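Count along the sequence shown starting at 1, add 1040, and that's the number in the numbering used here.
Since the hints were derived computationally from the structure, they do not count as laboratory data.
Careful, some of the hints might be misleading.
Straight-line distance between alpha carbons at most 25 Å, and here's what the computed BS3-like set of lysine-lysine pairs gives [stated by the list, open to error]: (1) Lys1175 / Lys1590; (2) Lys1164 / Lys1302; (3) Lys1371 / Lys1423; (4) Lys1385 / Lys1361; (5) Lys1651 / Lys1590; (6) Lys1092 / Lys1154; (7) Lys2060 / Lys1400; (8) Lys1102 / Lys1164; (9) Lys1687 / Lys1643; (10) Lys1981 / Lys1951; (11) Lys1164 / Lys1590; (12) Lys1686 / Lys1676; (13) Lys1164 / Lys1175; (14) Lys1371 / Lys1400; (15) Lys1760 / Lys1770; (16) Lys1361 / Lys1981; (17) Lys1676 / Lys1643.
Here the structure is a predicted model, which means the values were calculated and not measured.
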Amino acid sequence: MREVPKTLSIAVTTPGSSGPSGAPSSAGRQASLEDIHLDQFLKTSNYEDTVKQLDIYYGIVKRQLLRFQSPITGLFPIMSTDHEVGSVRDSVYCAAAVWSLYQAYRRIDDDRGKSYELGQSTVKCMRGILECWVKQARRVEVFKQRQSNQYALHGKFHLHTGEVIYADEAYNHLQIDLVSLYIIFLVQMITSGLQIIYTQDEVAFVQNLVYYVERAYRTPDFGMWERGSKYNNGTPEIHASSIGMAKSALEAINGCNLFGEKGASWSVVYVDIDAHNRNRSIFETMLPRESSSKGVDSSLLLTLSFPAFASHEERLVEQTKHNVITRLRGKRGFKRFSRDGFLSKLEDKDRRYYHIGELKDFEGHECEWPLFFIQMIIDGVFKSNPEQIEEYQNELRNCLHTDVNGDPVVTMYYAPDGEGSYVRSPSQTLFLWGQSMFIIAQLLTAGLLHINELDPIRRYLPSYNRPRRAGRYSAFQGKAVDDKYTAKPGTGTATDLVVQIVLIAESQRLQAMMATYGIQTQTPHEVEPVQIWSSTELIKVYQHLGVNSKVGLSGRPGRPVGSLGTSKVYRICGMTVLCYPLIFEVSDFYLYRDMALLIDDIKTELQFVGKYWRLSGRPTVCLLIREEHMRDPQFKEMLDLMAMLKKGYCDGMKVRIGRLQNLISSSCIEHLDFVNQSNLSYNENAFVQINHEYIGYQSLTDVPKALTYIEQKTSLDHFKHKPTHEIIEKMRNTESIYCLCQLWGILLEREGANFEVNGLSVNQALTQLYHRAGSLRYWRAVRYCSSLLHHIVDSISPFITTVLVNGKELTVGVIGQKETNFDKPMTPAEIQNVMYTTVQPYNVIQAVLQQEVVLYCGRLIATNPSMFRGILKIRIGWVLEAMRLYLQMSGQESIDLENLSPYQVRILLQKVLTVSEWAAEEKLTTLQRRQLEGCLCRVPKHFYNKIWEILQRTQGITTQGHLLPTVPTLTNMSRGEITFSLLVEETLMCIDCPERRQITVELLCIIATILNRNPELHFKQALDIDDILSEAFAMYCKDNNIERQNDNNMTPFYALYYTESTGYLARAAVNKVLQGGALSTLDENGFSNGGDQMHDETCHVS
1041 MREVPKTLSI AVTTPGSSGP SGAPSSAGRQ ASLEDIHLDQ FLKTSNYEDT
1091 VKQLDIYYGI VKRQLLRFQS PITGLFPIMS TDHEVGSVRD SVYCAAAVWS
1141 LYQAYRRIDD DRGKSYELGQ STVKCMRGIL ECWVKQARRV EVFKQRQSNQ
1191 YALHGKFHLH TGEVIYADEA YNHLQIDLVS LYIIFLVQMI TSGLQIIYTQ
1241 DEVAFVQNLV YYVERAYRTP DFGMWERGSK YNNGTPEIHA SSIGMAKSAL
1291 EAINGCNLFG EKGASWSVVY VDIDAHNRNR SIFETMLPRE SSSKGVDSSL
1341 LLTLSFPAFA SHEERLVEQT KHNVITRLRG KRGFKRFSRD GFLSKLEDKD
1391 RRYYHIGELK DFEGHECEWP LFFIQMIIDG VFKSNPEQIE EYQNELRNCL
1441 HTDVNGDPVV TMYYAPDGEG SYVRSPSQTL FLWGQSMFII AQLLTAGLLH
1491 INELDPIRRY LPSYNRPRRA GRYSAFQGKA VDDKYTAKPG TGTATDLVVQ
1541 IVLIAESQRL QAMMATYGIQ TQTPHEVEPV QIWSSTELIK VYQHLGVNSK
1591 VGLSGRPGRP VGSLGTSKVY RICGMTVLCY PLIFEVSDFY LYRDMALLID
1641 DIKTELQFVG KYWRLSGRPT VCLLIREEHM RDPQFKEMLD LMAMLKKGYC
1691 DGMKVRIGRL QNLISSSCIE HLDFVNQSNL SYNENAFVQI NHEYIGYQSL
1741 TDVPKALTYI EQKTSLDHFK HKPTHEIIEK MRNTESIYCL CQLWGILLER
1791 EGANFEVNGL SVNQALTQLY HRAGSLRYWR AVRYCSSLLH HIVDSISPFI
1841 TTVLVNGKEL TVGVIGQKET NFDKPMTPAE IQNVMYTTVQ PYNVIQAVLQ
1891 QEVVLYCGRL IATNPSMFRG ILKIRIGWVL EAMRLYLQMS GQESIDLENL
1941 SPYQVRILLQ KVLTVSEWAA EEKLTTLQRR QLEGCLCRVP KHFYNKIWEI
1991 LQRTQGITTQ GHLLPTVPTL TNMSRGEITF SLLVEETLMC IDCPERRQIT
2041 VELLCIIATI LNRNPELHFK QALDIDDILS EAFAMYCKDN NIERQNDNNM
2091 TPFYALYYTE STGYLARAAV NKVLQGGALS TLDENGFSNG GDQMHDETCH
2141 VS
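Please put together the full structure from these sequences, using the hints given.
Right, dumping it as structure tokens:
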């Protein structure tokens, strides 16, 4: 039996202790864990002892890892006994372990070729994975447009041929975290000096891998455990671990030269800063949760600690780790997640998917994985926490055994046998991922490997503490926050960050007019040679990045450049370029015509850039002032905004207006060296200045103003049944724009878009009407025409995604008609189809008005998530109903919601979402408040937990003829998952009357309190909500001598103060318990009241 290295016995590192096998204490070496100075660390106290230990580890790596590496592809299997399937994930971790020993050997002067061999074995593995994926380049190309399992890169290949081994339908290949993990280690290894990427073709492919992971935040995948939803039914879902890994990969590879120090400008990889920011903000929003079905998951340990270090928001990281440790730690390892049936003795190994309701059987039978003990040891080393290292070393010691060579082996898993003990995984086979992590942990704790050698790019440090990367490319360089304990998720920008602003006037005439108000602007001519571009031009330039016809790859997909991307200054083929943001683009959709909305968008834009800027150099925002703005009646407000910015602040954010030439030196500059002169078209690139012979408008009074148009709303629905010639005659005799819109709409439906009247097609006529109504700011007609022309809001897709990843769902549709649910990210084309098939047939204007509200919800939830607290599903039709009700309540019945300006709609939305903040001040009645909150279906904190507890003590809950049954609800679902909450919300939405819906929520909370205080009670039948409400109403009528007509009009009861209604509801509920209740400690369904501990797994944003 070979000599075992000193730390392989996992000796406890307290003085005087000795581990099993008589291993001496490693206390003398423990100090190195706290030594942060690399130069001191490198002075090995005993050279011969170090060489001897490294040689022992070399033998272990050869016997336990390299022995199983394919000599052809370089891949590794999952288990040492598998000779056919090569696993990419396990291969990356094996390569990382081999590479970590290579790093340790580099200190040794004469290693007799071992260092070179280890380095090249690492290169062979990483290149083997790359070659397997390059063969699937066509998939990457399609995946950039359509993120689905059908086009995902494979995670398993034939071990020796590198060919496809599992078809798409036979395996869940879509794992965004897997590609991200590969990118992270690729950058780490290249930074350490290894040459892994050889050709320009491979550079282009890696650039396309960046595009592959950029949309992790909106791509449901199967996650680290390759099963997707906890139900294991083939359903992917959005995983926080996948998004976190992608966020880390994007940070790591941004500006990285894939050829290392010998690289050229064309071997540099670029990252979309806005895609990174979306992944970052959504990742931190989801934490401490893993996904919709998994409240807590051990995969987050690998995401938040080594190897990804995906977040440095300390409170968030600690809270998530604490959740994992308290909920998933066992005696022999960590469970992957609750009710995980993988490899348990109850799992049917012949079935790929589970049956409905089967998940409940796995509770308490989840396998425990020692791999996570090793993960916690490595985490302790990075955090310089000797207590944590010692604690988990002690735990790990019980999970080790030795093989025939005397080498230590980590048991893969322990399966509970149901009788208090465990069944160990077969000992004759090695779990290579576990062994790899074990070797890395041992090298670290033995003092043979420093954390800076394992993490050369310093991912473990916050970005503001990492070494500055000199060069021509932008780098993540966020700044520290004043007080790390008061920092909120998403903070981390400099406390003194200044957002630079350049004001560009469209013409000299406009510039002269602005100057009379003391606002200095520049024209496009004055900023030359700097060019002002639209962001769409930048998209065209980026489409040349990553193009490779040999591999079959196009460049960057035509995704819009976001607010952060347009805040960089670009150097392109000798030109200096600044782009104006998307909010200044003139689009088909009518929102750009609303000046008040634009002013609000400018403020939001500056706040967003200031809050989320993470690059070295200051952001520079270009504000574009057009002549059509000048003609707007609200241009005065625009001038007020400019005057505020001139003072140096925008709602608390520091800003600085200046001449572009003066601001460039302090800006963030990105060199787009991949562009050739031949790629650029000179005809439409730059923003063009408008020239006038006379530049006279000296004050606002001289500017011709846009008129405000007013007309009576007239419905022409009766013309739908009249012949076409009568409709054309009516069109000739009417001046009303709205009437014309309706008449052209009838012709559109009847005759088609190309039908001509007086040489004008229906489509052309509607377009002309649209622009005419737009210039008059006649919003009802604008929306009507926009809907008939099937317009879609620009970039609506990311806003829907923002709502979804904040733990909410969206529905669109007219009240009383079928709604369409948005529960996963959708393409703009799919959204357009939904809007014009679900909404437009029932209400023409709502087809675009609901798009507006979706857009505003996406914006608001990103900046003010608290507005949506308690609302699980945002039903846009009901939100519009709440807005209508508020207009009635506030005495504005005459105002038509459909004719409000977009800005007024946004303000009204904010109003109804924050009803609790102003209800008392505006003296809302209890009935009015219940109506508004009922429309939104807002529920109190822990409400869905309370419903779970009620279901444990009843046969179900019934209301308005709809039953929420106890079985199979409690057997199929777990308390904290969003699926259960959505089921309850669906039950509430069966109640048509919003105030009744709200009082039902109050009643359920009262019943939960009664049951909580009386644990011996349970209901024999289903809980009939209508029955209890009817009884409460009868009591109210009796007490107040009111003749009770019927239960259809309970408005007086809904109008009661909360204290009064609570009394009646509680009495009625208690009566119901006494009539149909029983005493028991275990209900008849067999659900123990104490067995399911109170875990608030509900999404924290909700």
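Next on the checklist: Going through the numbered hints above, which ones does this structure break? Give me the numbers in ascending order.
Outcome noted: Hints 4, 5 not satisfied by this model.
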